[in-house]
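S.K.: Residue numbers (our numbering), protein chains in the order written: chain A, 1 to 265; chain B, 266 to 1058; chain C, 1059 to 1257; chain D, 1258 to 1418.
In case anyone wonders, no lab produced these hints; they're calculated from the structure. Every residue, glycine too, gets a C-beta built ideally from N, C-alpha and C. Take these hints with a grain of salt, some might be off.
Listed next, with one range per pair, are the computed distances between beta-carbon atoms [to be verified]:
(1) B/A298 x A/S46: 33 to 39 angstroms
(2) B/A804 x D/E1382: 44 to 50 angstroms
(3) D/N1377 x A/G59: 21 to 27 angstroms
(4) D/H1376 x A/K228: 32 to 38 angstroms
(5) B/P760 x D/K1342: 30 to 36 angstroms
Listed here are the chains, written in short residue letters.
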Amino acid sequence: MYDFHYHRPKTLADAVNLLKGKDEARPMSGGMTLIPTLKQRLAKPSDVVDLGGIKDLAGIKVEGNNVVIGGMTRHADVASSADVKSAIPALAHLAGHIGDPAVRNRGTIGGSVANNDPAADYPAAVLALGATITTNTGKHAADSFFKGLFETALSDGELITSISFPKAEKAAYMKFPNPASRYAMVGVFVAKTAAGVRVAVTGAGPSVFRVKAMEDALAKNFSSAAIKDIKIPADGLNSDIHASAEYRAHLVNVMARRAVDAATK
Amino acid sequence: MTAQTGIGARVKRKEDQRFLTGTGRYVDDLPLARATYAHFLRSPHAHAKIKSIDTSAAAKMPGVVAIFTGKDTADAKVGGLICGWVVKDKHGQPHKAPPHPVMALDTVRYVGDTVAMVVANSHDEAKDAAEAIKVDYEMLPANVDLATALDKGAPQIHAEAPGNLIYDWELGVKADVDAAFAKAAHVTKLDLVNNRLIPNAMEPRAAAAEYDKGTGNYTLWSTSQNPHVLRLILSAFVLGIPEHKLRVIAPDVGGGFGSKIFCYNEETMVTWAASRVGRPIKWTAERSESFQTDAHGRDHVTHAELALDKDGKFLGLKVETIANMGAYLSTFSTAVPTYLYATLLAGQYTTPVIYANVKAALTNTAPVDAYRGAGRPEATFVIESIVSKAAKELKMDPAELRRKNFIPANAFPYQTPVALQYDSGNYPPIIDEAIKIADYKGFEARRAEAKSRGKLRGIGFSSYIEACGLGPSRVIGQLGGGVGQWESAELRFNPTGNVQILTGAHSHGQSHETTFAQVVSDKLGVPIENIEVVHGDTATTPFGMGSYGSRSLAVGGSAIVKAADKIIAKGKKIAAHLMEASVADVVFEGGTFKVAGTDKAVPLGQAVFAAYVPHNYPLEELEPGMDENAFYDPSNFVYPAGTQICEVEVDPDTGEVEIVNFTAVDDFGNIVNPMIVEGQVHGGIVQGVGQALLENAVYDKETGQLVSGSYMDYTMPRADDVPSFKLGNKVTPCPHNPLGVKGCGEAGAIAAPAAVMNAVHDALAPVGVSHVPMPATPLNVWQAIHGARPAAE
Amino acid sequence: MEIKGEYKIPASREKVFAALNDPAVLQACIPGCESLEKVSDTEMKAKVRMRIGPVSASFSGKVTLSDIDPPNGYKISGEGQGGAAGFAKGGAVVALREDGADTVLNYNVDAQVGGKIAQVGARLIDGTARKLADEFFGKFASTVGGPALAGAASDAPPAAPETVSPPSPPPAAAQRGYRHWLVIGIGAAVLILIFLASR
Amino acid sequence: MTIPVAMTVNGKPVSGKVEARTLLVQFLREHLGMTGTHVGCDTSQCGACVVHVDGKSVKSCTILAVQAEGAKVTTIEGLAESAEKLHPMQEAFRENHALQCGFCTPGMVMSAIDMVKRHNYQLDEATVRRELEGNLCRCTGYHNIVKAILAAAPAMKSAGV
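Looking at chain A on its own, in the form it has when it is part of the complex (with noise of 0.2 angstroms):
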């Protein structure tokens, strides 16, 4: 690693100034993709910033129709909270098979999301749900979010503060793992909410990306037989040692069927 200078901020606005001054300053959340990163000398960052120190980015609260899970938020804490638990159950199953246990006790929401690895699993719920992502400056929508491989709506020194999901009448996540690294080879999200249903695709394509087919059949027939015969073009898909981007888009197939009869039992 190189050595860089490092910062705890205790507020917000402190955090923000300090990303703002410097060319290659970094914010750090959980950590768990930024020191890996870094161990590999593959970034040198002048500064990092740790947002560890800042109060009240953490925590998990249900307002209205909506569960609003701040950007610091541990992936075990989401997995093991009652309110998502009992409001959107998809989404504690979600953050408890991301990474292993000592990720989930580290690991944050707001870093994951922000990071937007083609691999994650968060970005498949963020855009399933179409929750909206709150921000020191503003919020996005989930859908003008995620614009491609680790590519966000989020401006330089724009720190994702919560993230506010509306609570899904039927919705599951399902995930086939890379077998090596666990990250998603692919995962499907399935959410019908109140503003319809939605299908999210993580780890298939350079970016979470949404299935319209599907949800146009599973909004006739919420139901894995709708979606059958709903073939994923595997052009542009991801292709690696572990999965060609054919496999993935038969996975992908796979995944959503199961991932409904899941939304269903």
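Given chain A, put chains B, C and D in place with the hints provided.
M.R.: Relative to chain A, chains B, C and D alone:
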């Protein structure tokens, strides 16, 4: 007392206390005053000429103590690393032996090849400086794909090995086998790839060295399975340091599985540089380096044919294999696909004639050498795959076909057509027991039930034989091995009656500190808490060959028994003197010397005390002291055998394979500690399951980059990849070693790949799949099903 | 990795060829390109600072043009060093063909990525290539020929748009005929491959 | 540039000066000489380095020492009451032969204790296997580790730890 701690008892391990409390001492844990830290700059290219290396900027970086390149080692006349086993090809010529410099001179030959060594005040500083070294490479075409490595026009890796061929070797008489095939009613053919594995002992390799200017003595701490052999190689072949001036210590070592047998360049360089730097040097591999540079395992491409008569009796077996050596020959690499592979091709069967042809090929990949089982898993995979395939083709029960061809119990000792003479065994009861434990009878019902859930269930057998307990030195020498294969032991009593077992074997997880103590406790009646096993230090233990090839107890344990016998013999004389009896009348029972028919008794401790405080002692006849050593050279290998039955469920939608039942029944001869033996079997099975379902070292065929170079892409077995196992055992004692024991360390890994793959193939047969490449990853299984479907539909 | 393909650009061959040789065009189109200077008629030096997710690295590259046959095409080869991250090296044969008023660009790239990035980042090679090329291509197309022609000469049909919703990257790319990035990349294929190295 | 850092390790206050880039595991091993916590990989996956930070299992190779400022850290060295009285999890590992080479053991034990507590001392085999996904062992085949954890859960409960 010894009933609870002697041979056969499930004694809890003595070594656990320190490992469980964080007080084990592994190489990286050593506190060394004024230590410097080494970092090795490695080639990012699979094959390239080094046009120049510029270390000037790096040398000025903060904390840098020294930088060495291949030129420095060449100027200092450091020898190359050696391959210690000369294999003669089918024309009687010794194998090609290209040089293996400790640091690359003008060419790098695999990704990870060592280019420079930076020594600095901290590891980070060494790494910083390594980044500042400018190496100008001219990339050369890489030869990565084993299947085409020997083709005309393939890039040449060493001038000394034209066509990249290290040897073209054979065993058996081809004409005899051809004649057998001519009579065959049925021939089963099989093409397979034995996938390449990366050992991944959880402790990465590490080395630390210091040089004492006053005495001229070097000390090397290394993660070695065999410190004496490492010292011998470094002294005699590589560094020229007189053996008595080099002390090698292998302290607690976190697993080896073969990968820590070999002499590597890092430990060589650390030792060499320690005297030049004048301070201790420490190096610990990062896992990324382990992936690139630990000697890998397996990696064969094989075509095999089995001839059967109309009743299913095996008539002959033909095997052609290309074995990957990597870019350089590692310490024992040449022996693995020959003497440790082809000699096992008889398996448990009476196959009368066998012919094997093995070509060893160089590629631009990391060296390949022994990995848990070394050659024997490859052989077992060939035999047990083709036998199961033959059963499928002949519509025979796979257990029945095996039984029909087993070597009968009354045929031992049994001379196979491939050089080995099996000493003992009784195979039918093993498979019967396995079938019982696995509830083979109930399988079809379980298959039908699985089908109702949309799952494809399959069952697979693997009946292995292993030649281990290396080995008779004379045989090893005849086969080209460069070392003896005995083991040493010393039993050193202290005046107060406690005892140290000094052994040349090395424990890196195998539990010698407990098992060896049990042997001595049993033989001498000494309470186990009064026994300590000392190993891993050339300065304190007698020269020994180390631990690999499931040899520690069969050979090292036998040496201990021999030494114990000497203790008893001497103790008898002392006791006879003390009891004023004739030596012939003294017996040794339960730790006490007695005179039969009297109440005279001298406990061993009293005899020991008398030996060290010889106030009443036959000094004119007997030396004082109680310290005996022994060397044991076995008269044959030992031949553990067993049958594993694996039951899987395949999810046809995703290609996932789940192991739902796994049974292993083994014959390891007599067992000293069943708890420890079972642990060895568990671990071995999971390494075999890893090979079958998960693990694969993948080099990009074009670039030679290791793309499965971290745990992100190399799939290590995890707890939820396997079930709990059902074990059984049968005992035919080894007739030629005093404990009657056979090795147990490699068995699981040897048998499991075939058991799992046979189960996968059995599960997929109904959907028209006849071949899934190993490892049967979800992708491979899905593609096999996907490819098979049009034909099946 | 080997990349082959064709791309149709609504511009004359001369114009496309000139753009392929114009450091200013290339620099403007290459994401993170800090400098691209012509050393000679056939050589360029490039410095690129790439940031993808948590990874960021600076790459220095050298690009050589050979077999130059204006306006029919050339061979472009090069290599880039990214320090601890690794290296990229490759070559591409580029051929331009007239198709009415448009130009069909045919390319055949052979590229190698190595070092740390190949060892620990294998899962991202594909996606990163696409992303970088997509960014580069979008810009190159609009610079050279105005908006890119959808469904050009590529042999791969674009993903069926109705199965995937627009905001997501693959479909969005598909609708633009994202496969064609492969082609546009060609002009600076080697440079793009250098960027790959920044995973 | 060095930064002062202070924390409690195994109940004792400790302090030191570290670089920002110093990982907690480096601080433990190199600054405090507590080498029971091991490093088995460089991609934060093997789990050999797991310790407890404020009562939760954390990979000490994936947290900076400065991030643990003021925290209560427990390592394998801090579990046993005395040489004779091991923690029930340590005891269960010994009883069930859940370790061979011992290298993954410290992380395994720390993860296991965290697991038992998180599941309120009630575990089944499937849960144990799944929850071990962050800890690699190459020797034991996990069979006896799973057995040990299942045995330790009630033992921890009755021992009140």
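S.K.: For the range 44 to 50 angstroms, tell me whether the beta carbons of B/A804 and D/E1382 fit it or not.
M.R.: holds (46 angstroms)
S.K.: Quick check: does the Cβ-Cβ distance between D/H1376 and A/K228 fall within 32 to 38 angstroms?
M.R.: 37 angstroms Cβ-Cβ, so the 32 to 38 angstroms window holds.
S.K.: Do the beta carbons of B/P760 and D/K1342 sit within 30 to 36 angstroms of each other?
M.R.: Distance hint for B/P760, D/K1342 holds at roughly 32 angstroms.
S.K.: Does the hinted range 33 to 39 angstroms hold for B/A298 and A/S46 at CB?
M.R.: 35 angstroms Cβ-Cβ, so the 33 to 39 angstroms window holds.
S.K.: Taking 21 to 27 angstroms as the hint, is the beta-carbon distance of D/N1377 and A/G59 inside that range?
M.R.: Between D/N1377 and A/G59, where Cβ atoms are some 23 angstroms apart, the hint holds.
Hint check: no violations occur; every hint is consistent with the structure.
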